[in-house]
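2 protein chains.
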Amino acid sequence: MTDIPSTVARYLDLVANASSGAEIAALYAPDATLEDPVGTPARKGTEEIAAFYEVLTSRQRSTELLALRVAGDEAAFSFRVVSGTGAERSVIEPIDVMTFSEDGLITSMRAFWSRQDVRRGA
Amino acid sequence: MTDIPSTVARYLDLVANASSGAEIAALYAPDATLEDPVGTPARKGTEEIAAFYEVLTSRQRSTELLALRVAGDEAAFSFRVVSGTGAERSVIEPIDVMTFSEDGLITSMRAFWSRQDVRRGA
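Chains as they are written, first to last, in my numbering: chain A, 1 to 122; chain B, 1 to 122.
Any given hint might turn out to be false.
To be verified - Okay, the calculated bits of chain A under chain B, using three or more residues with CB under 8 Å as the criterion:
hint, segment
1, 29-41
2, 49-55
3, 79-89
4, 106-118
Calculated from the structure, these hints are not laboratory results. Just so you know, these numbers come straight off a predicted model, no measurement behind them. Beta carbons: idealized from backbone N, C-alpha and C, even for Gly.
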């Protein structure tokens, strides 16, 4: 049995603090898929997932879990991401859905948000 | 283009106020699926979906939308359901994921929550 809440907490910690995309991609299974936002083409596999997160790591950012619901071997959670500072600051509160393998790796992630959910400025 | 926020608002209104399960099932496409909670067998089609909601309609209850994120033709939203009164009162805040047809009917619903998310009593 995987400890899904711990994996989600670790994920949000790394989204805030990882120094490379590969660090975050290591939470994913090798053939995992990532769809962020939902409705865009899915990225698949460690390399594409690491590249997706790499963009984040050059910015100052923080994360906060707002609500987590675990059901079966899946989870849905809302969280806040604040990135950048001053006029470049943006705040977004997506709802992510993740599935997990038996050994606790993320097998898929789908992020629900749209451009109109992004708040900009200090 | 369907107006997903309106459909979600209508859904939560009916979950609170419908007098029959069929009223809520009418928001769904005829061959829609419903998985509540995620990890349990899906109900499929108008009859099974109406039966699922019928149970609700004998109880006093209210709903409140907490957060809604629309992406593509899907939505994820967290909401509060209060049902019953006094010692029978229960509060739960699921996160639901819905997909929609082009004509605005719900084609699937998956509800993320578990027994430990239910708060009981006044």
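Legend entry - Hints breached by this structure: Failing hints, ascending: 2, 3.
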